[in-house]
Amino acid sequence: MSRSVLTRGALYVALAVAALVLLVPTFVRPAPAFWPWHQPIRLGLDLQGGTHLLYGVDLDQAIDNTVDRQMQELERVLRQEQIGAASVERKGRTVHLQLANKDKRAQVEGLVKDRFPNLVAVPEPDAEVGDLAYTLEPRELQRLRDNVQEQALKIIRNRIDQFGVTEPTVQAQGSDEIVVQLPGIQDPQRAKELIGRTALLEFKLVARGPEAGTLDHPGPNVQVVPGKSEKGRRTSYLVERRTLMTGDVLTDAKVQQGTVAQGMVVNFVFDARGSKEFGEITSANVGRQLAIILDGVVESAPEIREPITGGQGIIEGHFDFTEAQDLANVLRNGALPAPLKLIEERTVGPSLGKDSIRKGVLSFVVGSTLVILFMLVYYRGGGAIADGALLLNVLLLVGAFAAFGFTLSLPGIAGIVLTIGMAVDANVLILERIREELRLGKTARAAIEAGYERAWYAIRDSNVTTFCSGLILFQFGSGPVRGFAVTLCLGILTSLATGVFGTRVVYDFLTSRRRLTTVSV
Amino acid sequence: MKGDSSPMATSRPPRGAETPAPVQHRFFELIPPGTRIDFVGLRFKMLLLSWTTIAVGLAWAYVGGINWGIDFVGGTMVHVKFAAPTPIGDVRAALLKPELGEALVQDVGRAGNEFQIRVRGAEKGGSSSVSDAIKADLREKFGEEPYDVLRVETVGPKVGKDLGRSATLAVLAATLVMGVYIALRFELRFGVGAAIALLHDVLMTFGALAIARMEFDLTTVAALLTVVGYSVHDTVIVSDRIRENMKKMRRESLATIMNISINETLSRTLITSGTAILVTAALFVLGGPVIHSFAFALLVGFIVGTYSSIYVASPVVLYLEGRQARR
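Protein chains in written order, with our numbering: chain A, 112 to 632; chain B, 64 to 390.
Worth flagging that the hints you see were computed from the coordinates, not collected in a lab. Be careful, since some hints might not be right.
[Said to hold, decoys possible] Covered stretches of chain A (in silico footprint by chain B; criterion: 3 or more residues with CB under 8 Å from a CB of chain B, positions within the stretch not fixed): (1) 202-216; (2) 378-387; (3) 487-495; (4) 545-551.
[To be verified] Cut-off 35 Å, straight-line C-alpha distance, at most; resulting in silico cross-link-like pairs (DSBU-like, lysine-lysine): (5) B/K311 x A/K452; (6) A/K339 x A/K202; (7) B/K108 x B/K310; (8) A/K202 x B/K311; (9) A/K553 x B/K311; (10) A/K303 x A/K470; (11) B/K224 x A/K452; (12) B/K221 x A/K339; (13) A/K465 x B/K204; (14) A/K265 x B/K224; (15) A/K215 x A/K452; (16) A/K303 x B/K310; (17) B/K224 x A/K465; (18) A/K224 x A/K387; (19) B/K204 x B/K160; (20) A/K265 x B/K108; (21) B/K311 x A/K303; (22) B/K160 x A/K452; (23) A/K303 x A/K202; (24) A/K265 x A/K365; (25) A/K470 x B/K198; (26) A/K553 x A/K265; (27) A/K465 x B/K198; (28) A/K452 x A/K303; (29) A/K213 x A/K224; (30) B/K160 x A/K303; (31) A/K452 x A/K365; (32) B/K311 x A/K470; (33) B/K108 x A/K452; (34) A/K470 x B/K224; (35) A/K452 x A/K339; (36) A/K265 x A/K215; (37) A/K365 x A/K387; (38) B/K108 x A/K303.
Glycine included, each C-beta is placed from N, C-alpha and C at the ideal position.
Please put together the full structure from these sequences, using the hints given.
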C-alpha cells in the first residue's frame, strides 16, 4: 500500500481523534480530571441567556470636557499669578480669554507656552490686543480619540468585575463603541446604572450672601445644581461655579454603616495630593457648606465644622446597601472620560436559550438525516463515502469551535446545518462527473481520476465565492451574525478538507488495494 | 485536486487487461442523460415571468411596507410565551400605556402562545422604558403567572439608519465581488450574467419577504448575503460546463451549447441546490421563531437562485454574445 495514502489517512484519523478529545468537555460535564482539555464550547448569549449591552462613547463630549478642564486650570493659574481676566469662556472647542490689562498679554502667552503644552493659540484676525484664543493641539486631540475608548473600557471592566457576574465580556467595537455581555443576567437595570454612570465627583462650595442670588436669578459666578430627589421632593442648590476638587484624587471608597439617621454611607480616601488640597480647602472655609456633586447632582452638602486633614470623607445620601456598594464601586474605579450612551440592549431568558438549542439540534438532526439518506439512496457506495466525509466534517467543524474558543450562537447552529447541505455539493459534482466518465466507457479508476480532476474547477470557484460572501458578512455583521459568518467560512474549509481531499483518500485506498473494476456511484 | 493524482495510480503500470469493458452502467437518476429541454428557447417567457414577479414584489413592499425589525428602525421588542394558547386580541388589548403608541403584536409560535410585541422608534423619554411599560401592561392584564418573558431587545434609532445603509452596501459589494470573480475565472459576460442573476435573487427574496410579512432584521440580511454567495454555485457549475463545451463543440452556436450544457448539468444543479434547500426547509420548519425569517429568506433565495442560474445568468451571456456579434 502506498505511503501517501497511509499518511493522509492517518492525518484524518488524527484530526477526528483530536476533535473528539476537544468535544468531550462540552458533552460530558464535568470532564474527568485526567482529560487533557477542559474548555466546553462557549455558548452565545442567545443560547445561554443573559444581557447584551452596546454603548457608544461620546467622543465629542470627552473633547469638550478636556477643553473645560484646561480652561479651569488656566483660570486657576491666572488667579495665582494675579492676572485679571475680564472673561474666560469656551466657545465650541476654543477657549476665549479677555484680559483686563492688555499689557499682560505677553506674560499670559509665556505662561500658556510653559505650562499648557496641550494648548495652541488660535489666530483671530479682528481680535483686540487683550483677546486671546486657545484650542487643543491636534496631537492631543488625536491622543484623546485614541485613548477615550480604551480608558472607558478599562473603567467599565473594573466596575463589572466588582459587580459579580460569571464570565462577563467587555469589549471594544469599532472606534467608539463598547460591548458588555453579562451571561445569566435577566434584569439588567442595576448593571445599566452601574455602567452608564459617568461618576464624576466634584466638590464645590455652596454660595451664600448677596452674591448667591436666587434660584431664578443666580449670581454671576453661581450655578443651580439639582439635589437628590427624596420622597418626591427635589431641592436645588446654589453653588459656586468653581470646582475645588474632583474625584480623580480618590484612592479608595468603601461602604460603611453610618449613624441611624445617615444609614449606609460611602467612605472615601484621598491620595496625598488630595489630602493636602482637601485640608487647605476645609481650613479656608470653616462654617460654609461643601456640596458633594456626583454627575451633576448634589448628593449632600454638609457644613464644614473644622478643617479635615485626615484625607478621608464620607458621602451620605440615604442609600440602601446595593446603592452604596455600587457608588463605592464607581468612585473607586474613577470617572469615565466621556459619557456613555446605551445604543442597544438585548436580553434573552434562559428558557428561550434552552429552547433554541433544542430546536437548533433538532433541525440539525432532521436536516442531516435527510441529506445522508438521499446521498445513500442516490449514489449508493459513493454516497456512503460522502456521508462518512460529512460526519467527519461536522465533527471537525464543531471541534474547531472548541479548539479556537469561538462562540456558538443560534445563527451559528444554523450555519452548521447549512454546511451539511452545502458540503455534499462537492461530492455531488465529483460523483456526477464520475458517472459521466463511466458512461463514456472509462474504467473505474480512470473515471475516478477524471471525476476529481474535472470537478475541481467548479468546486474551487463555488467555494471561493461563498467564502468571499462569508467574509463580507463578517465585516458587516456583529454578534450572532458574525457567529454565522464564522461558521460558514469554517464550514467551507472543513468541507473541502473532508468532502474533496478526505474522500479522495478513500478512493485511493480502494484503487490501490485491488484492481477496482466497478465503482458504486 | 488537479495534479493530485494518487501515486498508486502511476506507480503501478497499467496492465494490458485493463481495456474498457462495455459495462452497462445503471444509476439511480433524477434527470436521465440525453434529456433535452429547450431552456434557451424559453428565455423570453421566463424573463417576463421573472421581472414581473420582482416588480410585483417590490410594488408590494412599496405599498404594504416592509415588516422592519427593530434592528433597522430602532425601538423595543418583547417576546413573551404564555403557558396556554392565548388569543392575540387579548394581548393587543392589554397594551394600553400611552407610550406604547403603535404596539405591533405578532403571533410567532405555532401553538398560538408565543408573541412578539414591537414598538418602533426611539424611546420617547420619561422615567420608565418602553420594555418596562410593556411588561407592566401585561402584568396588569394577565397577572404574574401565566407567561414568561423570553427576550427583550432595545435598539437606538441611529444604529438602525446606519445599519440600513451598510446592509445595502454589503449586499451590493458581495454581488460585485461575485461578478468580478466569475468574470476573472471565465469571461466578462459570464461575470455580468452572474451579477445580474444575483441581483435578481436578492430582489425576488426581498419581495417574498415583503409579501409574506416576514420580519426584516439583521439575520435576514445575513441570509441575503448567504444567498448571494451560494447562488453563484449553480452559475459556476453551468458556466464551467459551457466553457468546456465551447472548446469541444466549436461549430455549434452558443445557444445550442448553452442548452446542452444546462441539460447536462441539470441533475447536479438540482441535487446540490436540493440538499441545501432540504436542510434550510428543516431550519424553517423546526428552527423556531428566532430564526424563522432567516430560514425563510434562505429557503426562498436558494430556490430562486437555482432557477436564476438557468434562466437569468445564461440568457444575459447570450444577449451580450449577440451584441458582440452584431458589432
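| said: So is the segment 202-216 of chain A in contact with chain B by the C-beta rule, three or more residues under 8 Å, or is the coverage claim wrong? | reply: It is violated: at least three residues are needed, and the segment 202-216 of chain A offers just 0 whose Cβ sits closer than 8 Å to chain B.
| query | CA of A/K303 to CA of B/K310, is that 35 Å or under? | reply | violated (66 Å)
| task | For the pair we were handed, A/K303 and A/K470, check the Cα-Cα distance against 35 Å. | result | Since the Cα atoms of A/K303 and A/K470 sit roughly 31 Å apart, the hinted pair holds (cutoff 35 Å).
| Taken at face value, is the distance from the CA of B/K224 to the CA of A/K265 at most 35 Å? | Given that 35 Å is the threshold and the Cα spacing comes to 29 Å, the pair holds.
| field | Hinted pair B/K108 and A/K452, Cα distance within 35 Å | value | Judged against 35 Å, a Cα distance of about 55 Å means the pair is violated.
| task | Take the C-alpha atoms of B/K224 and A/K452, compute the straight-line distance between them, and say whether it is at most 35 Å. | result | holds (17 Å)
| request: Measure nothing beyond the straight line between the CA atoms of A/K365 and A/K387; if it is 35 Å or shorter, mark the hint as holding. | output: This hinted pair holds, its Cα atoms lying about 21 Å apart.
| query | Is the straight-line distance between the alpha-carbon of A/K215 and that of A/K452 35 Å or less? | reply | violated (43 Å)
| Given pair status - A/K470, B/K311, alpha carbons within 35 Å | violated (50 Å)
| Against chain B, does the segment 545-551 of chain A show at least 3 residues with beta-carbon separation below 8 Å? | Check passed, 4 qualifying residues.
| task | Take the C-alpha atoms of A/K452 and A/K303, compute the straight-line distance between them, and say whether it is at most 35 Å. | result | holds (10 Å)
| Are the Cα positions of A/K265 and B/K108 separated by 35 Å at most? | Measuring from Cα to Cα gives roughly 63 Å; hence the hint is violated.
When held up to the earlier numbered hints, the structure conflicts with 1, 2, 5, 8, 15, 16, 20, 21, 26, 32, 33, 36, 38 and fits the remainder.
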